[in-house]
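Undergrad: For the protein sequence lines, the chains are R and F, in the order given.
Mapping the first sequence onto numbering that gives the first Met the number 0, position 232 (from 1) lands on 231, and the numbers just tick up by one.
Mapping the second sequence onto numbering that gives the first Met the number 0, position 421 (from 1) lands on 420, and the numbers just tick up by one.
Among the hints, erroneous ones may be present.
Simulated DEER-style distance windows between Cβ atoms [said to hold, decoys possible]:
1. F/A426 / R/I118: 41 to 47 Å
2. F/S507 / R/I250: 53 to 59 Å
3. R/D347 / F/M466: 26 to 32 Å
4. R/E421 / F/K199: 34 to 40 Å
5. R/R124 / F/D436: 52 to 58 Å
6. F/M210 / R/T299: 23 to 29 Å
7. F/I517 / R/Q351: 24 to 30 Å
8. R/E414 / F/R367: 26 to 32 Å
9. F/D556 / R/R317: 50 to 56 Å
10. R/I118 / F/R367: 30 to 36 Å
11. R/L357 / F/I502: 32 to 38 Å
What the hints contain is simulated information worked out from the structure, not anything from laboratory work.
Ideal Cβ placement from N, Cα and C applies to all residues, glycine included.
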Amino acid sequence: MRKVYNKIESVSGNVITVRAADIHYEELAEITTRRCTSLAQVIKLEDDLVSLQVFAGSRGVSTNDEIRFLGHPMNVSFSEDMLGRIFNGSGVPRDGGPEISESVIEIAGPSVNPAKRIIPSRMIRTNIPMIDVFNSLVASQKLPIFSVSGEPYNELLARIALQAEVDMIILGGIGLKFDQFMYFKNALEEGGALNRSIFFMHLASEPIVEGLMVPDLALAVAEKFAISGKEVLVLLTDMTNFSDALKEIAITMEQVPSNRGYPGDLYSQLASRYEKAVDFEGSGAITILGVTTMPGDDVTHPVPDNTGYITEGQFYLRNGRIEPFGSLSRLKQLVNNKTRDDHRAIMDGMIQLYAQYLETLEKRSMGFRMSSWDDKLIKYGELFESQMMSLQVNIPLEEALDRGWSILAECFKPEETGFRTELVKQFWPKKEEAEGVAHGEN
Amino acid sequence: MSQVSGKISGINGNLITVVVNDTITQNEVAYAVKGDEHLKSEVIRIQGNKAFLQVFESTKGLKVGDTVEFTGELLSVQLGPGLLQQIYDGLQNPLPQLAEKHGFFLPRGQILEALDHDKKWDFTPKVKVGDKVSGGYYLGSVPETQFTHYVMVPFDVQGEWTVEEIADKGEYTVVEKIASIKDERGNVRDLQMQFDWPVKIPIQAYKQKLMPTDPLITKVRIIDTFFPVAKGGTYCVPGPFGAGKTVIQQITSRYADVDIVIIAACGERAGEIVETMREFPELTDPRTGRSLMERTIIIANTSSMPVAAREASVYTATTLGEYYRQMGLGVLLLADSTSRWAQAMRELSGRLEEIPGEEAFPAYLESRIAEFYERSGLIETHDGKVGSLTIGGTVSPAGGNFEEPVTQATLKVVGAFHGLSRDRANARRFPSIHPLDSWSRYHSAVSENLVEEARKFLFRGSEVHQMMMVVGEDGTSLEDFEVYLKSEFVDAVYLQQNGFDPIDAATSPERQNHISEIMNKILHTDFTFDDKEQARSFFYDLRQKFIDWNYMEYESDDFKKQEKVITDLIEG
Ligand SMILES: Nc1ncnc2c1ncn2[C@@H]1O[C@H](COP(=O)(O)OP(=O)(O)OP(=O)(O)O)[C@@H](O)[C@H]1O
Ligand SMILES: [Mg+2]
Chain R
0 MRKVYNKIES VSGNVITVRA ADIHYEELAE ITTRRCTSLA QVIKLEDDLV
50 SLQVFAGSRG VSTNDEIRFL GHPMNVSFSE DMLGRIFNGS GVPRDGGPEI
100 SESVIEIAGP SVNPAKRIIP SRMIRTNIPM IDVFNSLVAS QKLPIFSVSG
150 EPYNELLARI ALQAEVDMII LGGIGLKFDQ FMYFKNALEE GGALNRSIFF
200 MHLASEPIVE GLMVPDLALA VAEKFAISGK EVLVLLTDMT NFSDALKEIA
250 ITMEQVPSNR GYPGDLYSQL ASRYEKAVDF EGSGAITILG VTTMPGDDVT
300 HPVPDNTGYI TEGQFYLRNG RIEPFGSLSR LKQLVNNKTR DDHRAIMDGM
350 IQLYAQYLET LEKRSMGFRM SSWDDKLIKY GELFESQMMS LQVNIPLEEA
400 LDRGWSILAE CFKPEETGFR TELVKQFWPK KEEAEGVAHG EN
Chain F
0 MSQVSGKISG INGNLITVVV NDTITQNEVA YAVKGDEHLK SEVIRIQGNK
50 AFLQVFESTK GLKVGDTVEF TGELLSVQLG PGLLQQIYDG LQNPLPQLAE
100 KHGFFLPRGQ ILEALDHDKK WDFTPKVKVG DKVSGGYYLG SVPETQFTHY
150 VMVPFDVQGE WTVEEIADKG EYTVVEKIAS IKDERGNVRD LQMQFDWPVK
200 IPIQAYKQKL MPTDPLITKV RIIDTFFPVA KGGTYCVPGP FGAGKTVIQQ
250 ITSRYADVDI VIIAACGERA GEIVETMREF PELTDPRTGR SLMERTIIIA
300 NTSSMPVAAR EASVYTATTL GEYYRQMGLG VLLLADSTSR WAQAMRELSG
350 RLEEIPGEEA FPAYLESRIA EFYERSGLIE THDGKVGSLT IGGTVSPAGG
400 NFEEPVTQAT LKVVGAFHGL SRDRANARRF PSIHPLDSWS RYHSAVSENL
450 VEEARKFLFR GSEVHQMMMV VGEDGTSLED FEVYLKSEFV DAVYLQQNGF
500 DPIDAATSPE RQNHISEIMN KILHTDFTFD DKEQARSFFY DLRQKFIDWN
550 YMEYESDDFK KQEKVITDLI EG
C-alpha cells in the first residue's frame, strides 16, 4: 500500500504541489476532495517537492485533501470488451457499464522505428468525391479538417467514419459539446457502427485538463488493435481544444510562451500524437482524422499552423464544402495511380478549370466584359459545385469520375479542356449521355 | 578513469538536475540508470554541485535519487568505413539494426554500435614506418562502395607524431589495430580505423579553407541558373507548410552533382524519410550507375522521436559530412527542418529558465545558426585534395512569415536564399521558389548576361501583371501585354520543372545554357501581333512546344528536330 499524503503546499491553476519521496516522473496519483476523486499526474519533481496536474481541476481542493500515489503512469485497458463502450478523459466508463481492467497498457508509449515503416498504399474510400477523387485518403494517413467553428465538421467526421472501409473507429472527443457527443453516438448507432467503435469523451463542461489524455488514450488503444491486425480509424475532435489545454498548463507552470500564449513545444506535442498514424507491415494500420478549428478563420494561428506542418495535408471545410484550394492530401499520389486510368487527369483537369472559373467570377465582380469562354466557365463552375463539391453528393469514386466527364461534356468541347487525346477517346461521353447531368440526382 | 556518478534531484520534462560531488565536464555524456535502461544524457549547465542534463529519451518513470553515471566523454560519433548507406537516429544508433532486435517500436535506453565491428575491410597502407603524421593524415585506404575511403589519424592528434607500426595490406575490422604512432616525448598511441569525434566541435584537420566558387549543380533550372549554390557554400529553403521544401530536397538528394549526400530528417514526418529509405536502394545514381543509397547517409530523428536527440542530430549529420570532406570528396548535407532543431533549443532553453528572446527563442539562437552553417566550406586537405561540405537547410517559419527569428538569423549567414511561395505552390508552379524574392551570392551555371536578361523580363512582367489586375486586359497596351506573356513563358518553360519526370527533373548545365540562349532569342524578338488574342495563342503554342522539348533527351534526334520547330516558329 502506497503512502497517503495530506499536506498540499500550493495550488495554482490546475497544478498542486506536495512534498513526497520516491515518486516517479509522470506517475499518477488520486486526489480526493470534498467534490470528487480525481486523477493527477506528476509533471515536475524538485527534490521532494512534487508538482501534479489535477485532471478534474483544482476547484475545491483543500490543503489537507488526501493524495495517494499509484506508482504507475497513466494506463488504459485494451480488450475487445471495449467495443461499443464510452469512457471519459481518464479512461473511466461514462456509460454506466462495468469497468474494464484486463490487459492494461501504457499510454503515450515509444514511437515506431522509421525503419519499420512502409510506404502507404491503400486508399480509404469515403464516397465523398472531394476526398476520393481530388484528395484521396490513404490508410495510415494523418489528416485534419481545418474549419471555423459553426461548420459541419463533426457531421463530416461521422460520415467519413460510417462510410470508410475500416474495421473499427475510435473517437476521441476533447471539449466536445454534449449535443455533439449525442450526435456522434446516435449517428454511429443508426449507422450500425457503434459495436465497432470505442469512445473516449471529454465534454466541454468538464475541466479542460481532463481532455489532455484523450488523444493518448485513443491512440494507445488504437495501436494495440492495429498490431493485432485491425484497420483502425481514429477521430480526434477538436485538437484546438487539446492545444488550449496544453497552453493552460504551460502558463500555470510559468513557461515562457512562444506564440500567442502557446508553449514552445506545441509542435512536438501535436507531432507525438499525429505520428502514431502508421501502417504496421503485415498487420493493421492507424489512420487519424482530426478536427482543428481555426480561431478567426486564420490558418496562421499557431494551432492550425503547427498542425499543417505535421499532418499529411488537410481538408479545408468552408461554407459547408471541402474547398479544392487549400485542401491537400499529400499521400494521394501513392494511391490514385491504381484506381482508374482517368483518375489523375480528372483530378488535375477539373481543378484547373475550376480555378479559371474562380478567376472569371472575380473578373465579373470587377465589371469586366464576359466572353463566351467565360460563360462556359460559369456554367461549369456551378455544375462542379452542385454535382461534385456539395457534401450532399454521396457516390463511389468510379461514379464520381463518370460524372466528372459528363459535366465536362456538358460545358466544353474536348479540345478546350486540355485532356490527353487517348483519355478523351476512352472517356468522353457520347452526346446523349451528357444530357442528364444537369438534372442528375445526387 | 574512475567512474563519476551522481543522484537525480529534480526532473522537468527531459531536463534533469543531478547532484554530483566530483569533477564533471560541460557537454559530457552521462547515463541515467533505470534498471537495465541507460538513458543517454548530456551535461548542459553546471552550477555548484548541481549538473543540469538534457536526457535524449523519455524521462518517464525516473525518480529523485536515481543514479546518473558520467562518462567524461563529450557527445561523439564513431567515424570510420561503413558509414555510407547507414540509417541512423540523431545519436548515430543504426535504426534497421534496432528494428531487427526490438521490432516495431524504438526501445528506450538501448545503444548499438554505429559501425559493424565484424565486417572486414580491404586495407592498403599509405604510410611507412618512420613517416611523420598528424591529425587528419592518411594512414591508408579501404574501398567503400564506389569511393576510396581514407583511413586517417584521429583528428585530436596534435603536433608531429612518427609512425611506429603500420599494418600490411590485408583485411581488418574497424576495431583492429592498424597502426601505432609515437610523439616526441615518447607517448605511443595505437590506432584502429574507427575513432570518435565530438559532434559539436568542427573538424579542422586540414591545410586550409578555400573560397567556394564552383557551382554545385543541382540540375534544377531555377536554382542553377537563377539562384545557384556553390560547392562548399550554404543555402536555405524557407517556406510555409506544404510549399514544397521536402520535395525540393528530395529532388536535390537524387540529382545533385556531388559525391555524397547526407540527409538529416530533423523533427519532420517519419513517412517522408521512409520514402527515401525505401526508394534509394532501388534507384540508380545516373553518375555512377550504382544504387543511390551507396552515396547516401540518412540521419532520421523524426518529429515524435526524443526532442533532445533532434537537437543533436544536426551536429551528428554535420560531423559525418566533415569526415568525408577530409577525404577530398564533395558532400552535400540537406537538413529538413532547421526550424525543428531551433525549436528543440528553445524547449531546452525554456526548461533552463534562460531569458527568452523573440518568440521565446534563446538569445544565442543566431550564433548557433551561424556556427552550424560555418561548418560548411571548401577545404584543401593535408594531401592537397579539395573537399567540400555544402549545407542546405529548410526553414519552417511560424505562420509562413519570413519575419521570424529562425528565418532572419539564417538569412544573415547563408549564401543563397530559395524562398518558397505559398501562391506558387497553390498554383502548382513547382518548384515553388519565388523568382523575384529569392537571391544568391554565387555564380550561375549559365552565362550571367543571359540570366540578367531573363530576370529583367520576370520583373517587368510582374509589374505589368500587377497593373493588369487593376485596369484589366483591355486597358493594357499590346506592348506591355507581350512583356507579360514573355515573362509567363519563362516561368512556364524554365522556372517550372517536373521533378517527377526523369528527363525534365535533371537538366544538365550544358542544356541549361543551350535552352537559355534560345529563350533569350525569344525574349529579344519583337513579334508583331495584330491583337492580344493572337499574341496569347502564339505564346501558348510556343510554350507547349518548349515544354515538349524539355521532355526530350538532350541532343537526341527528337531534341534537335524540336529545336528546329521552335526556332522556325520564332523566325516566323
Ligand atoms: N516540385 C514539386 N512538384 C510537384 N509537386 C510538388 C512539388 N513540391 C511540392 N509538391 C506538392 O506539394 C506537397 C507538399 O510538398 P512538401 O511536402 O515538400 O512541402 P513542405 O514545404 O515540406 O511542407 P512541410 O513544411 O509541411 O513539411 C507535396 O506532397 C506535393 O503534392
Ligand atoms: Mg516538409
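Undergrad: Against the earlier hints, flag every one the structure doesn't satisfy and list their numbers going up.
TA: 1, 4, 5, 6, 8
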